[in-house]
Amino acid sequence: MPKSLLIISRQAPWSGPSAREALDIVLAGGAFDLPVGLLFMDDGVFQLLPGQKAKAVQQKDLSANLQALSLFGVEDLFACRDSLADRGILADQVRGEDLNLLATEEIVALVNRYDQVITL
Amino acid sequence: MAADLLTEPYMKFAIALFSPPHAPSSRRALLFAQALVAGGHEIVRLFFYQDGVHSASSNVVTPQDEQDLPREWASFVSDNQLDGVVCIAAALRRGVLNNEEAQRYARQAVNLGAGWELSGLGQLHDAVQAADRLICFGGP
Chain A
1 MPKSLLIISR QAPWSGPSAR EALDIVLAGG AFDLPVGLLF MDDGVFQLLP
51 GQKAKAVQQK DLSANLQALS LFGVEDLFAC RDSLADRGIL ADQVRGEDLN
101 LLATEEIVAL VNRYDQVITL
Chain B
121 MAADLLTEPY MKFAIALFSP PHAPSSRRAL LFAQALVAGG HEIVRLFFYQ
171 DGVHSASSNV VTPQDEQDLP REWASFVSDN QLDGVVCIAA ALRRGVLNNE
221 EAQRYARQAV NLGAGWELSG LGQLHDAVQA ADRLICFGGP
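Taken in order, these protein sequences are the chains called A and B. For the first sequence, position 40 matches number 40 in my numbering, and the numbering has no gaps at all. When you read off a place in the second sequence, starting at 1, and then add 120, the result is the number in my numbering.
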């Protein structure tokens, strides 16, 4: 059985290439049919907000990559409930089709469930 | 616990580096990798991603009285005949090119150090599957 890998994405979408590069690891894992999960935490939850105007900061839109996750078979998507609350983001603003909002103790259990973890 | 890990049993490690050469985590990554080899463990692959790709550049010039991390990595990889892989997308974005990519994009400089190979993120996933432990250095 293949080892499972959790990617924890902690950077805001427009703070550099980190958010995109975290997503690229997830998409590559999905392309190889590997069991990968993605957890948005800390400033990473800003990636989930709709209506971002990437062009206004001369960047490419990340949301297309996020939407590609399901096409690549990546369905284990999580976001940290506390990180959202700390930033004044309401659950309704980010609740995607597959997104699971987790409390801190659930995140501990999540990390324990995966064989390997990468934090970016 | 750390002592146990470095004695028995021998394990397979994958090492991922995300931080630039001047970051303390890059020094720790090299020290950790050296300790693994000294302890008889196997490093299935070194994978440099994000700003970690700069440690595979042969163009980094370090003042004489400072630690030359890219050079030390290069010696470490060649001395131990390790599989050193640099993410091609991250490397291109940051100007770390081998001969083939420099020609492809009509760039003058070839600066990927000897012993390193440019390849895709599949190599990271492959290393994760092959190793008992993935140890990452860098990130926020």
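If you're looking for bench data, these hints aren't it; they were derived computationally from the structure. For every residue, glycine included, the Cβ atom is placed at its ideal position computed from N, Cα and C. Check the hints yourself; a few may be wrong.
Have a look at the derived ranges for each label pair, beta carbon to beta carbon [claimed, not checked]:
1) A:V57 to B:E237: 29 to 37 Å
2) A:L90 to B:E237: 40 to 48 Å
3) A:E105 to B:R148: 24 to 32 Å
4) A:Q58 to B:E237: 31 to 39 Å
5) B:Y130 to A:D115: 41 to 49 Å
6) B:S195 to A:E75: 38 to 46 Å
7) B:V181 to A:T104: 15 to 23 Å
8) A:L62 to B:V181: 33 to 41 Å
9) B:R148 to A:A54: 21 to 29 Å
10) A:A56 to B:Y130: 51 to 59 Å
11) A:D115 to B:Q228: 41 to 49 Å
12) B:Y130 to A:K60: 28 to 36 Å
13) B:D252 to A:V108: 16 to 24 Å
14) B:M131 to A:P2: 14 to 22 Å
Derived, one-sided and incomplete: chain A residues facing chain B with beta-carbon distance under 10 Å [unchecked claim]:
15) L5
16) W14
17) E21
18) D24
19) G51
20) V94
21) A109
22) L110
23) V111
24) N112
25) D115
26) Q116
27) V117
28) T119
29) L120
Going down the list of hints, with the structure as the test:
Taking the beta carbon of each, V57 of chain A and E237 of chain B are about 34 Å apart, inside 29 to 37 Å as hinted. Checked against the hint of 40 to 48 Å, the C-beta distance between L90 of chain A and E237 of chain B comes to roughly 46 Å, which is consistent with it. In this structure the hint that E105 of chain A and R148 of chain B lie 24 to 32 Å apart at CB holds, the actual value being about 30 Å. Between Q58 of chain A and E237 of chain B the C-beta distance comes to about 32 Å, which sits within the given range of 31 to 39 Å.
About 19 Å separates the C-beta atoms of Y130 of chain B and D115 of chain A, a value inconsistent with the hinted range of 41 to 49 Å. Taking the beta carbon of each, S195 of chain B and E75 of chain A are about 44 Å apart, inside 38 to 46 Å as hinted. Distance hint check: the CB atoms of V181 of chain B and T104 of chain A are about 45 Å apart, inconsistent with the given range 15 to 23 Å. For the pair L62 of chain A and V181 of chain B, the supplied restraint of 33 to 41 Å holds, since their beta-carbon distance comes to about 35 Å.
For the pair R148 of chain B and A54 of chain A, the supplied restraint of 21 to 29 Å is violated, since their beta-carbon distance comes to about 35 Å. Checked against the given bound of 51 to 59 Å, the beta carbons of A56 of chain A and Y130 of chain B, roughly 53 Å apart, stay inside it. Judged by the Cβ atoms, the range 41 to 49 Å given for D115 of chain A and Q228 of chain B holds: they are separated by roughly 43 Å. Look at Y130 of chain B against K60 of chain A: about 44 Å separates their beta carbons, and that is not inside 28 to 36 Å.
Between D252 of chain B and V108 of chain A the beta carbons are some 22 Å apart, a value that agrees with the proposed interval 16 to 24 Å. The supplied range of 14 to 22 Å is met by M131 of chain B and P2 of chain A, whose beta-carbon atoms lie about 19 Å from each other. Because the smallest distance between the Cβ of L5 of chain A and any Cβ of chain B comes to about 6 Å, under 10 Å, the interface hint for this residue holds. The interface hint given for W14 of chain A is broken, as the beta carbon of that residue sits about 15 Å from the closest beta carbon of chain B, more than 10 Å.
The restraint placing E21 of chain A at the interface with chain B holds, with a minimum CB-CB distance near 6 Å, inside the 10 Å limit. Proximity of D24 of chain A to chain B holds as hinted, the smallest CB-CB distance being about 6 Å (cut-off 10 Å). Contact between G51 of chain A and chain B, as hinted, is not supported at the beta carbon level, the nearest pair being about 25 Å apart and thus beyond 10 Å. Look at V94 of chain A: its Cβ only gets to about 21 Å from chain B, farther than 10 Å, so that hint breaks.
At its closest, the beta carbon of A109 of chain A sits 20 Å from a beta carbon of chain B; the interface hint therefore is violated under the 10 Å criterion. At its closest, the beta carbon of L110 of chain A sits 17 Å from a beta carbon of chain B; the interface hint therefore is violated under the 10 Å criterion. Hint on V111 of chain A is violated. Least Cβ distance to chain B is approximately 13 Å, over the 10 Å limit. A least Cβ separation of about 15 Å between N112 of chain A and chain B goes past the 10 Å threshold, and the interface hint is therefore violated.
A cut of 10 Å between beta carbons decides the hint on D115 of chain A: the least distance to chain B is about 8 Å, and the hint holds. At its closest, the beta carbon of Q116 of chain A sits 4 Å from a beta carbon of chain B; the interface hint therefore holds under the 10 Å criterion. This hint holds: V117 of chain A has a C-beta 8 Å from the nearest C-beta of chain B, less than the 10 Å allowed. Restraint check, T119 of chain A versus chain B: the minimum CB separation of about 5 Å is within 10 Å; hint holds.
Interface hint at L120 of chain A: satisfied, since its Cβ lies 5 Å from the closest Cβ of chain B, which is below the 10 Å cut-off.
Hint violations for this structure: numbers 5, 7, 9, 12, 16, 19, 20, 21, 22, 23, 24, all remaining hints satisfied.
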